[in-house]
Amino acid sequence: MRETDVLIVGAGPVGLTLAIDLGQRGVRCTLIEKKAAPEFLPKMERCNARTMEIFRRMGLSERIRAAGLDVSIPMDVYVVLAMNEPPLLRLPYPSVAESLAEIARSTDASQPLEAYQLISQYTLEPLLKSVAESLPSVTVRYGCEFLSLEQDEGGVTVRTADATGAIEHFRAKYLVGCDGGGSPVRKQLGIKLRGEGNLLHLRQALYYSETLYDRIPIGDGPGRGRHYHVADGQATFLIMQDSTKHWTLHAVVERDEDMTQQFEKAVGAPLDYTMLYVGQWKQNLLLADHYGAGRVFLAGDAAHLVIPTGGLGMNTGVGDAVDLGWKLAAVLQGWGGPNLLRSYEIERRQVGDRNVGASRYASLGRRKWRSEYRPDIRDATPAGQATRDNLARVADVEQRKTNEMIGAELGYRYVGSPVITDEPGGPEHLFREYHPTTWPGARLPHLWLDNGEPVQDRIGQGYTLLRLGGTGADDGALGKAFRTRGVPFGTIDIAEQRARDIYGYNLILVRPDMHVVWRGNQAPEDAAALAAMVTGH
Numbered sequence: 001m002r003e004t005d006v007l008i009v010g011a012g013p014v015g016l017t018l019a020i021d022l023g024q025r026g027v028r029c030t031l032i033e034k035k036a037a038p039e040f041l042p043k044m045e046r047c048n049a050r051t052m053e054i055f056r057r058m059g060l061s062e063r064i065r066a067a068g069l070d071v072s073i074p075m076d077v078y079v080v081l082a083m084n085e086p087p088l089l090r091l092p093y094p095s096v097a098e099s100l101a102e103i104a105r106s107t108d109a110s111q112p113l114e115a116y117q118l119i120s121q122y123t124l125e126p127l128l129k130s131v132a133e134s135l136p137s138v139t140v141r142y143g144c145e146f147l148s149l150e151q152d153e154g155g156v157t158v159r160t161a162d163a164t165g166a167i168e169h170f171r172a173k174y175l176v177g178c179d180g181g182g183s184p185v186r187k188q189l190g191i192k193l194r195g196e197g198n199l200l201h202l203r204q205a206l207y208y209s210e211t212l213y214d215r216i217p218i219g220d221g222p223g224r225g226r227h228y229h230v231a232d233g234q235a236t237f238l239i240m241q242d243s244t245k246h247w248t249l250h251a252v253v254e255r256d257e258d259m260t261q262q263f264e265k266a267v268g269a270p271l272d273y274t275m276l277y278v279g280q281w282k283q284n285l286l287l288a289d290h291y292g293a294g295r296v297f298l299a300g301d302a303a304h305l306v307i308p309t310g311g312l313g314m315n316t317g318v319g320d321a322v323d324l325g326w327k328l329a330a331v332l333q334g335w336g337g338p339n340l341l342r343s344y345e346i347e348r349r350q351v352g353d354r355n356v357g358a359s360r361y362a363s364l365g366r367r368k369w370r371s372e373y374r375p376d377i378r379d380a381t382p383a384g385q386a387t388r389d390n391l392a393r394v395a396d397v398e399q400r401k402t403n404e405m406i407g408a409e410l411g412y413r414y415v416g417s418p419v420i421t422d423e424p425g426g427p428e429h430l431f432r433e434y435h436p437t438t439w440p441g442a443r444l445p446h447l448w449l450d451n452g453e454p455v456q457d458r459i460g461q462g463y464t465l466l467r468l469g470g471t472g473a474d475d476g477a478l479g480k481a482f483r484t485r486g487v488p489f490g491t492i493d494i495a496e497q498r499a500r501d502i503y504g505y506n507l508i509l510v511r512p513d514m515h516v517v518w519r520g521n522q523a524p525e526d527a528a529a530l531a532a533m534v535t536g537h
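Residue numbers (the UniProt record's numbering): 1 to 537.
In short, the hints are calculated from the structure, not lab data.
Computed from a predicted model, the values in this text were never measured in an experiment.
The C-beta atom is built at its ideal place from N, Cα and C for all residues, glycine as well.
Don't take every hint at face value.
The list that follows gives simulated cross-link-like pairs (lysine-lysine, DSS-like), each with its CA atoms no further than 25 Å apart [stated by the list, open to error]:
1. LYS187 with LYS173
2. LYS282 with LYS173
3. LYS187 with LYS35
4. LYS245 with LYS34
5. LYS43 with LYS173
6. LYS34 with LYS187
7. LYS192 with LYS265
8. LYS265 with LYS245
Quick list of the computed label-pair ranges, beta carbon to beta carbon [what the hints assert, rightly or not]:
9. LYS35 with ARG171: 36 to 46 Å
10. PRO74 with GLY334: 43 to 53 Å
11. THR211 with VAL252: 22 to 32 Å
Using the sequences and the hints, build the whole thing.
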């Protein structure tokens, strides 16, 4: 029997991120994956700003940008009849380079530290796999299928099979199912997904074309962009992937072979291309009743399924991974109390619920403008023009809901967590607007210091106390309380009054994932009690 501290089932971006996070903390973990190797299939395509902040802390953001779409490429979104005809609507959005420049110019806390990055899953997975395999405490096993689990007070015993059918057993202190929407781990636990299932049944295809991107604009068609929504009765949607040579198309059609004609109709002009893959998928808005049981946890699509509108699927899963990773490490290293792992479901399930809601909000917006389609949309008649004008007018409002989710990305805040101090009230959770706050439970807002360094880069891998504005508040008791428990702790003095004014308090206590757990203008009255509470005791 093979032994490990944490066994992770599923080597998608979420499982790989969790393995890297644990490995960088020195935790012995094993990642198993049924597939023989990462597959070249179109799935996620975008790491949002918060995910890129997370990858920056792992030392991976520059590598991900180098592997992804060139930062100068436009990200505009179009509604079209075809790619060789004048667009019905153009929604301009900044390229990565433009977003990074805006971040560099910012003087308040309204921007993320990192811009988004367009990178296809088939590019991201091999990159993360290579990082995980380089970590001494991480073992990566492809071609290893999860079969069953049994858990007791001391750990989890897992039965697996390799490609030949040979049975192998693992013994782990904890198990994490990152094994997708059909999660065998979740089913073994008897945990249900609830919500709205099978809302729409689409086909998705992946195409390779050497020339399509370079030919844009085609005729009178739209310029270069990220998404091309075709105004038809089949929900056709063309997406540029990170190489600019690969494209994915979604559409409601009867047969796989119909995706050939659908692609040609969407492009609207003769084109050399190869169709590499066709598959089917269903739109779901589902949330697990629980994010685990006992020593077994769920993360990513195993716990929540959203419609890709808003780009919240994989990105929510990465948030799950980093919330769970440091907590598992804390417990295994002996300083995390019992409430720390209990807080995982409390914190992340509320985010999953909100992001299912954000996805529903965006999806309903897209459905609303698509419902304005009429068969006369191409007619050179007053009625046809009215159809085009009306669809574009509605899309100009409703399509933005899909592409503008900065509040959901950055503004989530953990409410009711047993390891975060409780301040009654709190700012509203918004999908499309981000308002920086240091309210306990919120992500520490990004802020440039006077020397050009971001505050986030100074936050260590343990708990960090920020002393702002030259305050004389003494942290001695708090530091002693953390160190007595063996908890990694540091203090950072930031004398700049501007930082104090923006963050609003003299003292801010941040935990390893950069979420605020306490704030005040004077040292806490009972430092030992605060240190105990925020570490799960």
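Status of the hints after comparison with the structure:
Only pairs whose Cα atoms come within 25 Å are accepted, and LYS187 paired with LYS173 is accepted, the gap being roughly 20 Å. A hinted pair counts as satisfied when its Cα atoms are at most 25 Å apart, and LYS282 with LYS173 does not qualify at roughly 35 Å. About 19 Å separates the Cα atoms of LYS187 and LYS35, which keeps this hinted pair within 25 Å; it holds. Between the alpha carbons of LYS245 and LYS34 the distance comes to roughly 29 Å, so the proposed pair goes past 25 Å and is violated.
Between LYS43 and LYS173 the CA atoms are separated by roughly 32 Å; this puts the pair beyond 25 Å, and the hint is violated. Only pairs whose Cα atoms come within 25 Å are accepted, and LYS34 paired with LYS187 is accepted, the gap being roughly 16 Å. As the CA atoms of LYS192 and LYS265 are separated by approximately 41 Å, the hinted pair breaks the 25 Å bound. Between LYS265 and LYS245, the direct Cα distance comes to roughly 18 Å. Compliance with the 25 Å bound is thereby established for this hinted pair.
Checked against the hint of 36 to 46 Å, the C-beta distance between LYS35 and ARG171 comes to roughly 24 Å, which is inconsistent with it. Taken as a hint, the range 43 to 53 Å holds for the pair PRO74 and GLY334, whose Cβ atoms sit roughly 51 Å apart. With their beta carbons about 27 Å apart, THR211 and VAL252 fall inside the hinted range of 22 to 32 Å.
In terms of the numbered hints stated before, the structure departs from hints 2, 4, 5, 7, 9, listed from lowest to highest.
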